[in-house]
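Top line first, the protein sequences correspond to chains A and B.
Anchor point for the first sequence: position 99 equals 98 in numbering that gives the first Met the number 0, and the numbering is continuous, going up by one each time.
Anchor point for the second sequence: position 90 equals 89 in numbering that gives the first Met the number 0, and the numbering is continuous, going up by one each time.
Because the hints were derived from the structure by calculation, they are not lab data.
It is possible that some hints are incorrect.
Claimed, not checked - Taking lysine to aspartate or glutamate pairs in the DMTMM-like style, the calculated list, with each CA pair at most 25 Å apart, reads:
| no. | chain 1 | residue 1 | chain 2 | residue 2 |
| --- | --- | --- | --- | --- |
| 1 | B | Lys60 | A | Glu21 |
| 2 | B | Lys69 | A | Asp169 |
| 3 | B | Lys35 | A | Glu207 |
| 4 | A | Lys182 | A | Asp165 |
| 5 | B | Lys25 | A | Glu485 |
| 6 | B | Lys35 | A | Glu27 |
| 7 | B | Lys99 | A | Glu62 |
| 8 | B | Lys69 | A | Glu42 |
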Amino acid sequence: MDIFEILKKDLENLEWKPEREEIGEVVEVKDGVARISGLSNVENFEVVKFERTQIEGVILNLEEDSVGAIVLGDFSKITEGDIVKRTKKVLSVPIGENLIGRAIDPLGNPLDGKGEIRAEEFYPLERIGPSVVDREPVNFPLHTGIKLIDALIPIGRGQRELFLGDRVTDKSHLAITAILNQKNEPKRPICIYVAIGKKEAEIARTIEILEKSGAMDYTIVLAAPASSPISFWYLAPYAGCSQGEYFMKKGRDALVIYDDLTKHGYAWRQISLILRRPPGREAYPGDIFYAHSRLLERAAKLNKENGGGSLTAIPILEIQAGDITAYIPTNVISICDGQIYFDTSLYLKGQRPEVNIGLSVSRVGSAAQTKAMKKVAGTLKLELAQFLELEHFLEFIEEVDPETRKKLERGKRIKEILKQEKLSPLPFEKEAVIIYAGIEGFLDEIKIEDIQGFERNLSETIEIQKPEIFKAMRDSRDLDLTTKLELDKVLKDLVKKYTR
Amino acid sequence: MNEETKIAQIIIEVLKKKGEIHLLPKILEELKKEIKREKLVLVLARKFDQETLEKIKRKLKEIFGEREIKIEIDKEIIGGFSVKSTDHLLDATVRGILNKMKK
Chain A
0 MDIFEILKKD LENLEWKPER EEIGEVVEVK DGVARISGLS NVENFEVVKF
50 ERTQIEGVIL NLEEDSVGAI VLGDFSKITE GDIVKRTKKV LSVPIGENLI
100 GRAIDPLGNP LDGKGEIRAE EFYPLERIGP SVVDREPVNF PLHTGIKLID
150 ALIPIGRGQR ELFLGDRVTD KSHLAITAIL NQKNEPKRPI CIYVAIGKKE
200 AEIARTIEIL EKSGAMDYTI VLAAPASSPI SFWYLAPYAG CSQGEYFMKK
250 GRDALVIYDD LTKHGYAWRQ ISLILRRPPG REAYPGDIFY AHSRLLERAA
300 KLNKENGGGS LTAIPILEIQ AGDITAYIPT NVISICDGQI YFDTSLYLKG
350 QRPEVNIGLS VSRVGSAAQT KAMKKVAGTL KLELAQFLEL EHFLEFIEEV
400 DPETRKKLER GKRIKEILKQ EKLSPLPFEK EAVIIYAGIE GFLDEIKIED
450 IQGFERNLSE TIEIQKPEIF KAMRDSRDLD LTTKLELDKV LKDLVKKYTR
Chain B
0 MNEETKIAQI IIEVLKKKGE IHLLPKILEE LKKEIKREKL VLVLARKFDQ
50 ETLEKIKRKL KEIFGEREIK IEIDKEIIGG FSVKSTDHLL DATVRGILNK
100 MKK
């Protein structure tokens, strides 16, 4: 059939009844926000279409004779007088299994050039979190693979744990380490990394890291890079949360990392100011607390009747000059179930990860810690706090009694074993054995500079000579007496090699 | 004196009596908005003769009620017509059909 005949047939089948459509007209366009007259029946959060350019927008403000909309695209192409049509659809995103391993924008369009994504369902971007009756307390750990966090500030699945720190500190990479560690975890959670206002090069590097270590098999990267429209920055966390909710509702686990919510706050502040909403403290709109709390309330651990799925949220905040008492940090700290504070001075001293243990806390995570970790790390926090106080005190004193000297030496070793390079997560059993060795004093005779080597050696030795130790810990998630005795034996033998 | 000026004078008098003459600019503003909202814009591809035009206007009045109708000529619509108010659009232009086909 030649092309004319095809066209002819198409024309014949074409139904063209003129329909009465609801429209509006653009009155003004400001940075990323358009004011539209008409559209008197439009709903809040409804998608509208700018007719001439086919760009979409989302309604945010309903006023007497006009509405405000954020533009989901290049706002510079929109001019005054453009016709805007209703779509009668609330803003929603494609979700499902097919998105795993992909990089998408907040509207679900692929960014990785791997072709179209076939969505199973569409979820609205904005929705209310699960109610109290559908939830249960967190009871399963989310291992980050970072010794310091898993031992001292444990995170449970369904928890919201804030990462905050200055510009120089490496919050993002620690969060990515946590994604990498999920690879071999039981009931592996689906990870969603939401990049808000980040440099494109940085996002590309993150994807590369995830791909190299095979983490893209269970990760969705949702990116609203620095050059994308401001509306994308604002919508990205909600879109990421919707992706995670799908898996939570299916009874699975999900981990969402919002990197970072400061940028989301900036975006919402800009949009609100242009929409002429009254500014409050630091020019943020009055509902900035609500915007963040509503988002983070969507993280939950569902009870058995609702499938038992979970959504863990790790929001990241960038603070200025270590000031955690600024507006947004205090807000988000009070919303979350704990925070991990990245300290610039520790970073400069070369401690990795640069986490300030005194200012970091996990309010619910210890309920989810494995028995093994609880046993070995039970006295860790106390011992470490005592050591830090002593260390501070002894800066001025030369001579100390042997008892104090012993405490000091052990503290130094514990501090050493908590050091860890970024992007190298450890399975929980390996974390547990080295912390056990430190707490029980096996390392007291070993030189501090040998400790990192000892740690590697210990894991290798157990893997080769006594793999049943690791296996028993993995299976029972506990450190029972027989395993403990065997572990003691291995440790004693290895320590002898180092002290000879 | 025609009817329109009469109405205007009555309004002004009533406002004076009530001591609310300062509200006049605001009333005018609202009135202008109302007029704009009520106005219909009829877009055609070319000029029609008076008779056909009257026919179209009569039909529009049947559908939309008594309203001011403004006629615009726009060659870009190719053929047919469209009627636009602030809230609604009735698109029966050839351009509209072609756009629908494109989708």
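Here is how each hint holds up against the structure:
1. B/Lys60 / A/Glu21: holds, 19 Å
2. B/Lys69 / A/Asp169: violated, 64 Å
3. B/Lys35 / A/Glu207: violated, 57 Å
4. A/Lys182 / A/Asp165: With Cα atoms ~29 Å apart, A/Lys182 and A/Asp165 exceed 25 Å; violated.
5. B/Lys25 / A/Glu485: Given pair B/Lys25, A/Glu485 is violated - Cα atoms ~89 Å apart, limit 25 Å.
6. B/Lys35 / A/Glu27: Holds: B/Lys35 and A/Glu27 sit about 17 Å apart, inside 25 Å.
7. B/Lys99 / A/Glu62: violated, 32 Å
8. B/Lys69 / A/Glu42: violated, 30 Å
Violated hints, in rising order: 2, 3, 4, 5, 7, 8; the structure is consistent with all others.
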